[in-house]
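Here is how the chains run, residue by residue.
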Amino acid sequence: MVSLIHFLNILLPLLYFFSFLIYFYDFMRDEKKFINVKRIFLFLTLLIHVIYVIVRIIKFDHPPITNVFEIFTIISFAIGFSYFILELVTDIRGTGPFIIIISFIFQLISSLFIQDLLEVKDVLRSSLLGAHVISALLGYAGFTISAVYGFLYLVLYKDIKLNKFGLIFNRLPNLEVLERLSLYSAVIGFISLTIAIVIGVIWLPSAFPDFSYLDPKLIGTSLVWILYAIGIASKVLIRWRGRKLVLLSITGFVVSILSTFLSNFLARSFHSFY
Amino acid sequence: MNLIAVSINHRTAPVDLREAVFLSEDEIRAVTKKAKEELFKEGLVLSTCNRTEIFGIPANSELSHLNIKGLITDVKPLKQISDEYFENFISRDAVKHLFSIVSGIDSMLIGDNQIFKQIKKSFQIAEEMGFVGFLMKRIFDSAIKTGKRAISETKISDGAVTVSYAAVQLIEKIFFNLSKKSALVIGAGETSEIAAKHLNDKNIGKLTITNRTFEKAEKLAGKINASVLNFSDFKNSLHNYDIIISATSAPGILLSKEDIKSSMKKRISKPMVLMDIALPRDVDPETKKIESVFYHDIDSLKIIVEQNLAIRKAEIPKVEKIIEEELYSFYEWYNSLQAAPTIKGLREMFESIRAEEVEKNINKFSVEDREKLEIVTKRIINKILHHPTAELKKTDETEYSGAARFGIIRSLFGIDSTKEEK
Chain A
52 MVSLIHFLNI
62 LLPLLYFFSF
72 LIYFYDFMRD
82 EKKFINVKRI
92 FLFLTLLIHV
102 IYVIVRIIKF
112 DHPPITNVFE
122 IFTIISFAIG
132 FSYFILELVT
142 DIRGTGPFII
152 IISFIFQLIS
162 SLFIQDLLEV
172 KDVLRSSLLG
182 AHVISALLGY
192 AGFTISAVYG
202 FLYLVLYKDI
212 KLNKFGLIFN
222 RLPNLEVLER
232 LSLYSAVIGF
242 ISLTIAIVIG
252 VIWLPSAFPD
262 FSYLDPKLIG
272 TSLVWILYAI
282 GIASKVLIRW
292 RGRKLVLLSI
302 TGFVVSILST
312 FLSNFLARSF
322 HSFY
Chain B
-13 MNLIAVSINH
-3 RTAPVDLREA
7 VFLSEDEIRA
17 VTKKAKEELF
27 KEGLVLSTCN
37 RTEIFGIPAN
47 SELSHLNIKG
57 LITDVKPLKQ
67 ISDEYFENFI
77 SRDAVKHLFS
87 IVSGIDSMLI
97 GDNQIFKQIK
107 KSFQIAEEMG
117 FVGFLMKRIF
127 DSAIKTGKRA
137 ISETKISDGA
147 VTVSYAAVQL
157 IEKIFFNLSK
167 KSALVIGAGE
177 TSEIAAKHLN
187 DKNIGKLTIT
197 NRTFEKAEKL
207 AGKINASVLN
217 FSDFKNSLHN
227 YDIIISATSA
237 PGILLSKEDI
247 KSSMKKRISK
257 PMVLMDIALP
267 RDVDPETKKI
277 ESVFYHDIDS
287 LKIIVEQNLA
297 IRKAEIPKVE
307 KIIEEELYSF
317 YEWYNSLQAA
327 PTIKGLREMF
337 ESIRAEEVEK
347 NINKFSVEDR
357 EKLEIVTKRI
367 INKILHHPTA
377 ELKKTDETEY
387 SGAARFGIIR
397 SLFGIDSTKE
407 EK
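From first to last, the protein sequence lines are chains A and B. Using the numbering used here, you'd call the opening residue of the first sequence number 52 and step up by one each time. Using the numbering used here, you'd call the opening residue of the second sequence number -13 and step up by one each time.
Just so you know, these hints were derived from the structure itself, not from any lab. Where is the CB? At the ideal position from N, CA and C, for every residue including glycine. Careful: at least some of the hints might be erroneous.
To be verified - Here are some chain A residues pointing at chain B (derived, C-beta under 10 Å):
hint: 1; residue: 166
hint: 2; residue: 221
hint: 3; residue: 283
hint: 4; residue: 287
hint: 5; residue: 291
hint: 6; residue: 294
hint: 7; residue: 295
Modelling step: build the complete structure from the supplied sequences, incorporating the hints.
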């Protein structure tokens, strides 16, 4: 079983990379024959990813959420799966390569550094911790997708303003759709992160004796949460839209990346388990 | 096949001449009547602003292109129409020419699919007047199939190739659902009308017209079911519109940067599209610097038009390939309008029915009777087909009536459709 895990660990980044290539080729060429091929390939990639995660859980007796590289593979899947559902529901296909490349990057980093951990702390086998981590991951996946759509919005916005009617103009959906996709992804991400924070604040102090409200990850996450709360409130209350809104989403994403980086690699935190 | 075509089109004649020979529906009917009585067994008369064409199967072998040109010049007696303005096509070239027209590669605006509807209309007139026989029907069906394939399998009709339509294409790249948007068209001239119609076709939520002469604005608004705004105070209402298209003949700037800036303050970062398709321009180009304002003038829209035309031109080889395939398919059918292939097709069809029925019922017969069943059923088929076979062998293949006879037999027994199904 371990050899299967190792094989899938090498295979997955390759599959995401090929999915990206097919989506990218289709983006460049816009040939009708690729419409279904790319979707089927992404589906198979996600299916193999599910198998990989299940096999890992069975073999190592814990969900793959105990360290940052295990979490990266889940983020990679969450982003790819969210995009797959989004494509199925909205039938907007021109944005695939920009999302799948993110899945590929997360999976590649995970595959390079992930370890076969047989011994983990008991607290990491808790179902409440599972709910906390999974909702936080869904939140970050939502913010990532929101930022990608926000970025695409800015590129298309600039192209239209400057009369550049090239590939981006021809292939991407319109600005209003990009803005909505960015907003909806951010709202879903925000709700998920709120759940993660609520679970964390209620349960984690009892599970971790060295719990502190000054924990770097907690501060970083709160900052991200506040930024998205401001963005969503400005949309609802002041009726902000367009460029201002997507800029807020991108800022939120950058802060969340910085927060993850600082709390996982530089600062010591009760969130570090390895 | 001796199909003849005579064409006066955008490649052969200047616009004033094309306009002069343009035939109205009544004139098409008059020409069709004369063509049927004097020159052709069957045919088609087509006339648009860019081409007037006559296709037909000659009633006698002496018919020349000059006789056909005479049909047009009789109705439109113009001194300056000489032979050099006409193109002549015979046989395969004539069929190919019709396929090229339908697929849009022979249009002045490459890929213009208006021609598709115009040919359908012309065919309808020809059919009503009894000018369509088995051959023209088949040519028309193949032409329509070619046109549909060109549209669905290539990008020959993709994208906007006129400035006013490019404006709408650009608007659709900014807004998702035009039925929830409001638009203001400034001006009531031809360009404004075309732009307003395009917006209407896209189900714009609210369409308003304003013009210096109120009556003209009212007249245009009546045509396209829009509301009218007083020109004297339209600047105070700019913030109510997501899309503003300006196409007036005003000599100077109508909307300044300040006008747009103050209306944008009221819109709270809601995007606004300004399409200035007037010459000289109506809107200050500096407005493009305002956030969430998308300002475009004729020059920027022409970029889209030129890009789309380049894409369409690049698709011509693919369309030509489709035309060749459909020509091959058409001639395969046409060459089957002879005695030997028709008899063969007829026999194969009867034999397949016989074999199918025998196979279905074979178990109802004893083993020793099965061979007799084969012999008896084959004998029945042979007897049924004996007389038709003899009659078909007597038919003159070189005559139009002979080809028509084979065509009817094939159509009656569904020989070609059975082949296609297989």
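Item checked: Interface hint for residue 166(A), Cβ within 10 Å of any Cβ on chain B -> Violated, about 46 Å.
Notebook entry, point to check: Holds or violated: is the Cβ of residue 287(A) closer than 10 Å to a Cβ in chain B?
Noted result: At 13 Å from the nearest chain B Cβ, residue 287(A) fails the 10 Å test, so the hint is violated.
Check: Close enough to count: is the Cβ of residue 283(A) nearer than 10 Å to one in chain B?
Finding: violated (16 Å)
Notebook entry, point to check: Close enough to count: is the Cβ of residue 295(A) nearer than 10 Å to one in chain B?
Noted result: This hint holds: residue 295(A) lies near chain B, its Cβ roughly 6 Å from the closest one there, short of 10 Å.
Next item on the list: Identify whether the interface hint at residue 291(A) stands, where standing means a beta carbon of chain B within less than 10 Å of its own.
Entry: holds (6 Å)
Item checked: chain B contact restraint for residue 221(A) - C-beta distance below 10 Å -> holds (8 Å)
Check: Does residue 294(A) pass the interface check with chain B, least Cβ-Cβ distance below 10 Å?
Finding: Nearest chain B Cβ about 6 Å off; hint holds.
Going through the hint list in order, the structure does not satisfy hints 1, 3, 4.
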